[in-house]
Every structure is written in structure tokens, then in C-alpha cells.
Amino acid sequence: MKDRTAIVGIGQTAFGKGLADSELSLACQAISAAIDDASLTPGEVDGLSMFSMEEGREVEVARNVGLGDITYFSEVGYGGGAGCGVVGHAAMAVATGQCNVAVAWRARKRASKTSRPWSQVPGRIAGHWQWSRPFGVVRPVDEIAMLTRRYMHEFGATRDHLANVAIASRKHANRNPLATMYDKKLSREQYMEGRWISEPLCLFDNCLETDGALAVVITSAERARDLAQPPAFIHAFAQSIPQQHQVMTNYFCDDPLIGPAYACASRLWERSDIKPADVPVAQLYDAFSPLIPLSLEGYGFCERGEGAAFTENGALEWPNGRLPTNTSGGGMSEAYVHGFNLVLEGVRQCRGTSTSQVEGAENCLVTSGEGVPTSALLLRA
Amino acid sequence: METGLLLPDLDDEVAAPFWEACSRSELVVQMCAACGKSRMPPRPMCPHCRSVVATWAPTSGTGTIWSYVVPHPPLLPAYAELAPYNAIVVALDEDPTIRFVGNLVTSANGAINEIDPATIRIGEKVRVVFTTIDDVTLPRWVRAG
Ligand SMILES: [Zn+2]
Numbered sequence: 090m091k092d093r094t095a096i097v098g099i100g101q102t103a104f105g106k107g108l109a110d111s112e113l114s115l116a117c118q119a120i121s122a123a124i125d126d127a128s129l130t131p132g133e134v135d136g137l138s139m140f141s142m143e144e145g146r147e148v149e150v151a152r153n154v155g156l157g158d159i160t161y162f163s164e165v166g167y168g169g170g171a172g173c174g175v176v177g178h179a180a181m182a183v184a185t186g187q188c189n190v191a192v193a194w195r196a197r198k199r200a201s202k203t204s205r206p207w208s209q210v211p212g213r214i215a216g217h218w219q220w221s222r223p224f225g226v227v228r229p230v231d232e233i234a235m236l237t238r239r240y241m242h243e244f245g246a247t248r249d250h251l252a253n254v255a256i257a258s259r260k261h262a263n264r265n266p267l268a269t270m271y272d273k274k275l276s277r278e279q280y281m282e283g284r285w286i287s288e289p290l291c292l293f294d295n296c297l298e299t300d301g302a303l304a305v306v307i308t309s310a311e312r313a314r315d316l317a318q319p320p321a322f323i324h325a326f327a328q329s330i331p332q333q334h335q336v337m338t339n340y341f342c343d344d345p346l347i348g349p350a351y352a353c354a355s356r357l358w359e360r361s362d363i364k365p366a367d368v369p370v371a372q373l374y375d376a377f378s379p380l381i382p383l384s385l386e387g388y389g390f391c392e393r394g395e396g397a398a399f400t401e402n403g404a405l406e407w408p409n410g411r412l413p414t415n416t417s418g419g420g421m422s423e424a425y426v427h428g429f430n431l432v433l434e435g436v437r438q439c440r441g442t443s444t445s446q447v448e449g450a451e452n453c454l455v456t457s458g459e460g461v462p463t464s465a466l467l468l469r470a
Numbered sequence: 014m015e016t017g018l019l020l021p022d023l024d025d026e027v028a029a030p031f032w033e034a035c036s037r038s039e040l041v042v043q044m045c046a047a048c049g050k051s052r053m054p055p056r057p058m059c060p061h062c063r064s065v066v067a068t069w070a071p072t073s074g075t076g077t078i079w080s081y082v083v084p085h086p087p088l089l090p091a092y093a094e095l096a097p098y099n100a101i102v103v104a105l106d107e108d109p110t111i112r113f114v115g116n117l118v119t120s121a122n123g124a125i126n127e128i129d130p131a132t133i134r135i136g137e138k139v140r141v142v143f144t145t146i147d148d149v150t151l152p153r154w155v156r157a158g
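Protein chains in written order, with the numbering used here: chain W, 90 to 470; chain C, 14 to 158.
It is possible that part of the hints are untrue.
[To be verified] EDC-like cross-link-like pairs, simulated, lysine to aspartate or glutamate; straight-line CA separation at most 20 Å:
| no. | chain 1 | residue 1 | chain 2 | residue 2 |
| --- | --- | --- | --- | --- |
| 1 | C | 50 | W | 344 |
| 2 | C | 50 | W | 343 |
| 3 | W | 364 | W | 92 |
| 4 | C | 50 | C | 107 |
Hint data in this document are derived by calculation from the structure and do not stem from the laboratory.
Can you make the complete structure from the sequences, with help from the hints?
Now the structure itself:
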């Protein structure tokens with residue numbers, strides 16, 4: 090499917106807390122904006138690809154936005170792992186002729202029942218959570234903190250390395266007027282004084298909690314050339330559930346620090362003419378800061394155990410860093426909408442319209458949740 | 014007494030024998046009846062030979078701390094009351110890829126927040142103990158060093 094499809098439209102709502110509109114309404118607004126951005130009409134949309142966690146269902150979205158006959162629809166599970174996945178599924182459907190114009194999206198409200206399952210008091214715990222939650226490893230941050238502590242122990246990563254991630258994202262958000270943290274600076278001192286959430290992770294190692302929605306429109310490369318926006322071609326796409334993986338509490342395999350990124354990356358680069366050394370800018374899933382060093386390793390920007398050191402000397406920062414990362418502010422400082430904002434920022438880098446535009450960027454890597462069944466996209470101009 | 018914790022569903026068909034063993038103060042691990050390989054967490058099929066027949070084997074009940082965290086609020090009320098507390102992952106001595114999430118305590122009925130987290134170290138030797146909450150017996154860990 091290399092370069093046979095492209096993202097031709099992007100749309101988003103405002104980001105906020107306690108937005109009045111429903112998730113369904115937010116989804117429809119983002120999709121509508123993306124269709125307009127693509128200079129297409131709702132009646133031309135015949136494919137839908139969404140997160141399984143989405144509260145607004147396909148039928149409702151189609152009825153509200155006034156879409157045409159839908160001939161392809163699919164869902165991808167595992168929360169933040171699905172972002173690139175829904176785009177990739179839409180692209181495969183277009184490439185194989187199952188539909189001509191597909192939309193993929195994520196709408197999320199933090200107060201929604203489906204958005205933070207750990208905060209709902211359940212009855213008894215069955216399935217794999219029974220091996221962690223009874224012991225107080227309850228939230229995603231606790232689950233990732235466990236891997237982080239081990240990572241720090243094995244490879245000498247420090248809180249300074251995690252701060253490098255948080256500070257780079259914040260600097261980028263400070264350049265993006267639409268980012269939640271646009272007017273809030275973050276210093277290393279503030280980071281170090283941040284209150285603990287789950288040691289070794291503090292407040293600033295966590296993503297934001299955001300209400301909002303984002304959507305993209307995908308169509309064929311041929312059609313893309315006639316539309317209003319410069320296409321962001323889908324050069325390569327991959328998903329992965331690595332062998333013996335367990336969602337979030339991946340403590341039970343031979344080497345828990347080999348996360349889903351590794352298996353996803355091996356397929357992605359296999360399908361790509363572009364290699365890690367040729368990638369000038371990346372949007373790496375950042376629900377938590379330690380996922381950045383883990384992803385840098387998994388996606389081959391450095392060797393195993395070197396991800397923390399990679400972040401030194403402003404490597405993640407625009408404009409002079411070795412690999413400007415999360416250039417819109419990412420999940421930590423722009424908005425946390427299950428990583429779907431990373432997809433849109435990847436498109437903007439290919440279009441040349443980011444607020445922290447990497448000059449002459451010809452491609453951008455976008456990844457989804459590390460620690461869960463995941464996905465990745467290599468977009469190119 | 015700790016109440017309101019998230020407790021396992023004792024009716025889970027796959028895991029029930031594990032929790033039953035805990036109630037007898039035994040830490041067991043699921044073992045494939047066909048190929049003899051151990052697996053944790055338990056599951057219906059052996060990923061090595063695809064047998065669905067399994068037994069439960071006793072363990073040494075000793076291991077080392079593989080990692081640990083110290084959660085702080087915001088947490089569900091029962092956990093917020095105890096926070097900051099510790100949670101650990103223990104690698105079993107006889108097979109370090111068999112791991113259990115648990116808590117480090119000073120005695121079987123000790124609280125999960127009674128040990129100064131600053132003293133916890135990866136690699137510390139620990140031994141299993143059992144504590145009963147409502148109708149559930151949970152494995153926890155004390156220092157064995
Ligand atoms: Zn077997």
C-alpha cells in the first residue's frame with residue numbers, strides 16, 4: 090500500500106476541560122471540519138474507521154454529518170494504541186477499493202464512562218487486571234511507572250532525562266496557540282518540584298486530560314492530487330501485538346522492556362523506503378514521558394538502553410534538536426486525545442504548516458500507544 | 014482493616030485455583046500438564062504446546078524485587094487512604110520470568126504503607142506471606158534478606 094493513499098483533510102475542535110458538547114457532537118464537528126479542509130463533501134465519504142472506545146457509533150456519525158452510503162467500517166481497540174491503526178485501516182480500505190473516501194477520528198471527554206475505565210469503581214476484578222489492581226497498581230500511570238523504575242535501574246536513565254521530554258513538549262506547546270499549555274512555561278526546577286503521582290513519575294511526566302476531537306480524511310493518491318491541500322502520503326503503516334504481550338501490565342514476558350514498538354517498527358521499516366536516519370521529525374505517543382525513550386529505542390533512532398541519553402542536549406527540541414519530537418506539544422502539552430493529535434501534527438509537518446515546522450521536512454513518523462497493542466505511520470510529503 | 018480495595022473475582026474459571034491456593038497459604042503457578050512449562054498469569058491454553066490441560070505447581074515462595082512504584086493520589090478512595098504505599102513486582106527465584114505483582118510489608122497482616130519507600134531496592138530478596146481481606150487471600154511479600 091506504499092504511497093497509494095494520502096491524508097487530504099484534517100479537522101479538530103477546541104481543546105478544553107468540561108466541554109458542553111457530547112463526544113458524538115465533538116466527533117461530528119471534527120469530521121465535518123476535516124471534510125471541509127479536504128475540499129470534499131460529506132456525501133463522498135463512504136468509509137469509517139474509529140477507535141473501539143468511541144462513544145459515538147458509526148451509524149450516528151453518518152446520520153449527523155450526512156455521509157453517503159458507507160461501504161467500509163471498522164474499529165481498532167486498545168485505546169491509545171489505535172491512533173495510527175484507524176488511519177491505517179482506512180488507508181488499506183481505500184487502497185483495496187472497499188471505499189473511496191474514508192474518515193478516521195477520535196473524540197474524548199475525560200468525564201466519559203468509556204474514557205477512564207480505571208476511575209470507575211467496578212465489582213470484582215476478572216481477567217488480567219486481577220494480577221495487578223488488587224495490589225494497588227490501579228491507574229495507567231502506576232502501570233507505566235513500574236516499567237519506568239526498571240528501565241531507570243537497568244539503563245541508568247534519570248529524572249533529568251524524563252524532564253528533557255516534558256520540557257521539549259512544553260516548549261513546542263508554547264509556540265502553538267491551540268495547545269492547552271500555550272501560555273504556561275515549564276522549567277526544570279518546576280519539573281523537579283512537581284508532585285508525585287506514582288513514583289518515579291511526577292505530575293509533569295503525565296499527559297494532559299483533555300476534552301476534544303480530531304479527524305482526518307483519507308483517499309487515494311490519484312484523487313489526492315486534485316484536492317485543495319498538499320497530500321500527506323501514507324508511505325508505510327504497521328500494527329503490533331508482540332509475542333506474549335500483556336496490555337499495560339507487560340511484566341510477565343521474558344523482557345518487559347522490549348515493548349510493542351519493536352515489533353511494530355520492524356514491519357514499518359521493512360515496508361518503507363525511508364529509514365530512521367532519514368526521518369527529520371517525529372510524533373511519538375506520550376501518555377507518559379518514559380514512553381519517549383522507549384519509543385526512540387523501539388523505532389530504531391538509537392540502540393536499546395540509549396533512549397534516555399538520546400534526549401540530552403535538546404535533541405527533542407525544535408528547531409536544532411537531532412529529532413524534534415511532538416512539535417505541537419503532544420499529549421503532554423497540546424492535548425491528550427488518545428494520541429490522535431499526533432497524527433494531525435504529522436500531516437502538518439508534511440504540509441509545512443506546523444507552528445514548529447521542521448524546515449524542508451519530507452516525512453514524519455507518527456506512533457501510537459507504547460505499552461499496549463500499537464500502530465505507527467510513516468507520512469511523507 | 015483495608016476495605017474497598019479492588020479484589021479478584023474468585024469465580025474466574027482460569028484463576029480460581031490460584032486464589033484457592035492462597036487461602037491455604039500456598040503460592041502456586043499454573044503448569045502445563047503436557048509439556049511441563051509454567052505460565053503466569055494463568056490462561057486456558059499452553060502457548061508452547063497448545064494443551065488445555067493444566068496443573069498447579071507449588072513454588073519456593075521466594076524471589077527478588079524486580080521493580081516497584083509508590084502511588085500517590087488521585088486514587089480510588091480505598092487506595093488514597095493508604096497512599097503513599099508501595100507496589101512491587103517480584104521475580105520468582107526458580108524462574109525469574111515468572112513474576113507477581115504484590116506489596117512489600119513487614120508481616121503478613123502489615124499495612125502496605127508501613128515501609129519507608131526510600132528503603133526499597135530492586136534486587137532485594139523477599140518471601141511470600143498471605144493476608145485475608147473479606148473472602149480473598151492475597152499474597153504479599155516480606156523481606157527475606
Ligand atoms: Zn504445554
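To see whether the hints hold, each was checked on the structure:
1. C:50 with W:344: Between residue 50 of chain C and residue 344 of chain W the Cα gap is close to 18 Å, so the pair holds against 20 Å.
2. C:50 with W:343: holds, 14 Å
3. W:364 with W:92: holds, 15 Å
4. C:50 with C:107: holds, 13 Å
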